[in-house]
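**Q** Sequence:
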Amino acid sequence: MLTGDQYRASLDDGRATFFEGERVTDLPGHPVLGTVVDNVADGYDWLALKAVDGVSPVSGVPTTPEELREKVELVHTAGMMAHVNYTSLMTLTTAASRLAGQGAEYAERIQAFVTDAQERDIRITQCITDAKGDRSLSPVKQSDPDAYVRVVDRQADGIVIRGAKLHITAASFGHELMTIPTKAMKPGEEDYAVAALIPVNAPGVKIVNTTYAPRHDDLRIFPMSGQEHFPEGFVIFDDVFVPHERVFLDGETGSAAVFAHSLGLWERLGGLSAMADGADVLVGFAQLVAEANGLERISHVREKISEMIIHATVVRACLEAALSHAETGVFGAVFPNELYTNAGKYTGATEYHKLVRHLHDIAGAAIVTAPSMADLENPEVGPLVRKYMSTKPEIDGEYRTRLFHAIRDLTADAYGGWKLVTNIQAGGGLYAQRIVTRKHYDLDGAKQAALQTAGLAGASTTDAGPSRGI
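The opening residue of the sequence shown carries number 1184 in the numbering used here; numbering runs sequentially from there.
There's no promise every hint is true.
[Said to hold, decoys possible] Think about it this way: if two alpha-carbon atoms lie no more than 20 Å apart in a straight line, the pair counts; the simulated SDA-like pairs of lysine to any residue are:
| id | residue 1 | residue 2 |
| --- | --- | --- |
| 1 | Lys1369 | Ala1440 |
| 2 | Lys1602 | Leu1349 |
| 3 | Lys1575 | Gln1470 |
| 4 | Lys1233 | Met1184 |
| 5 | Lys1389 | Asp1196 |
| 6 | Lys1537 | Val1497 |
| 7 | Lys1324 | Met1184 |
| 8 | Lys1537 | Thr1496 |
| 9 | Lys1389 | Ala1440 |
| 10 | Lys1537 | Leu1559 |
To be clear, the hints were calculated from the coordinates, so they are not data collected in a lab. From a predicted model like this one, the values you see are computed outputs, not experimental measurements.
Produce the complete structure using the sequences and hints provided.
**A** The structure is reproduced here in structure tokens:
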């Protein structure tokens, strides 16, 4: 296993990463991005404490529902980078299982890479969404040939790819880029049906970073985003060579969607897990601020919090069902149930704004107008701010002020805006989750139940017209 310090040293490998117009040559020492490095390094050290015989607890592939649950809980606790890495490895494992009957050579390469990556204890991030490609359009119908990442040259020992991928979480902070098609491909689109693992420091790879991290001297008013943030990378492949052993798909259009669907499953499981915990946090904030504002007994406030509790419970139940009803692939690996994973992620994403709306309604405008912590420390106005920010003897003015800043940081500032967007977009967007949920739902069983209820179980449905499922 790597230690935190070894991880920091591994980033000094010549990678071309950029932030706010400048190339970053020292990631650990960067005033903004260095915090990310520290968080990932802390995750390495935390996992090392839980190692067994020098093996990382997130190593290996789950073979029972119980192991799956343990690993999901573990990577969720270990931090964003551990989650992204585990999702990447399980995406590859899932894809290998699904390619076994049609791409045995690719499946073998994938399995070899996964084993090697776990032994080296490296971190992998996912590159899926193409920079210019409209997912509703075929690549060959795009006016720009580089709309999707594509193969521009095939050589005796490998391929050369060109293109770019958008919003790749923590791309600059891992070691490998899992680059896969963003959608299904058709005959004639062979150059775009490409999947490969590419080192972050490979010649031709350039990563431009953006982040919601606060640029403020006093991080006390950013209690969450000031402590942990993970930039999104705009990953550019400027004619990057990839040797054959790292290529997991090259021209087989019929298998292109396997990777996107495999990633979607694990991304949505991770999103569902985060939403289950996040919903509980929002409920907690709503109750705390209601008490701080002296409104905890007001009927409409109690009703709003009750709605939030019901949502949090439903999302948690979907997570439990996804893990309890896990399925086993051809190589013995266990995967979360697709129906409950997608239905839960969809529910969590579509209702998130309502939780935030209820929280803001309960808390009030002080979410964005509360004085700063420095104001509380000012000898002239500080005592008065504390006095008037207090609502009752047991609610200290500083406590209430800090509570407002926490709610603002989480739901009404740059970090909050990032969460609003990514809750919807992470894992492929709402439309993709609807499609997969419908695909795995027992629609025929529902029809039969309806027919039985109506006393029509033996009747023909021909006269009612064709039944349209997916």
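**Q** Just to be careful, I want the Cα atoms of Lys1602 and Leu1349 compared with a cutoff of 20 Å; is the pair within it?
**A** holds, 17 Å
**Q** Does Val1497 sit within 20 Å of Lys1537, going by the straight-line distance between their CA atoms?
**A** holds, 14 Å
**Q** Sort out whether Leu1559 lies within 20 Å of Lys1537, counting only the CA atoms.
**A** Status violated; Cα separation ~32 Å.
**Q** Run the distance test for Lys1575 versus Gln1470: straight-line Cα separation, threshold 20 Å.
**A** holds, 16 Å
**Q** Sort out whether Ala1440 lies within 20 Å of Lys1389, counting only the CA atoms.
**A** violated, 26 Å
**Q** Holds or violated: are the alpha carbons of Lys1233 and Met1184 at most 20 Å from each other?
**A** Holds: Lys1233 and Met1184 sit about 11 Å apart, inside 20 Å.
**Q** Decide if the proposed pair is consistent with the structure: Lys1537 and Thr1496, CA atoms, cutoff 20 Å inclusive.
**A** holds, 15 Å
**Q** Given the hint that Lys1324 pairs with Met1184, does the C-alpha gap stay at or below 20 Å?
**A** Answer violated: Lys1324 to Met1184 is near 46 Å, above 20 Å.
**Q** Sort out whether Ala1440 lies within 20 Å of Lys1369, counting only the CA atoms.
**A** holds, 10 Å
**Q** Hinted pair, alpha-carbon criterion (20 Å max): Lys1389, Asp1196. Please report holds or violated.
**A** holds, 13 Å
Taken one by one, the earlier hints fail for this structure at numbers 7, 9 and 10, listed in ascending order.
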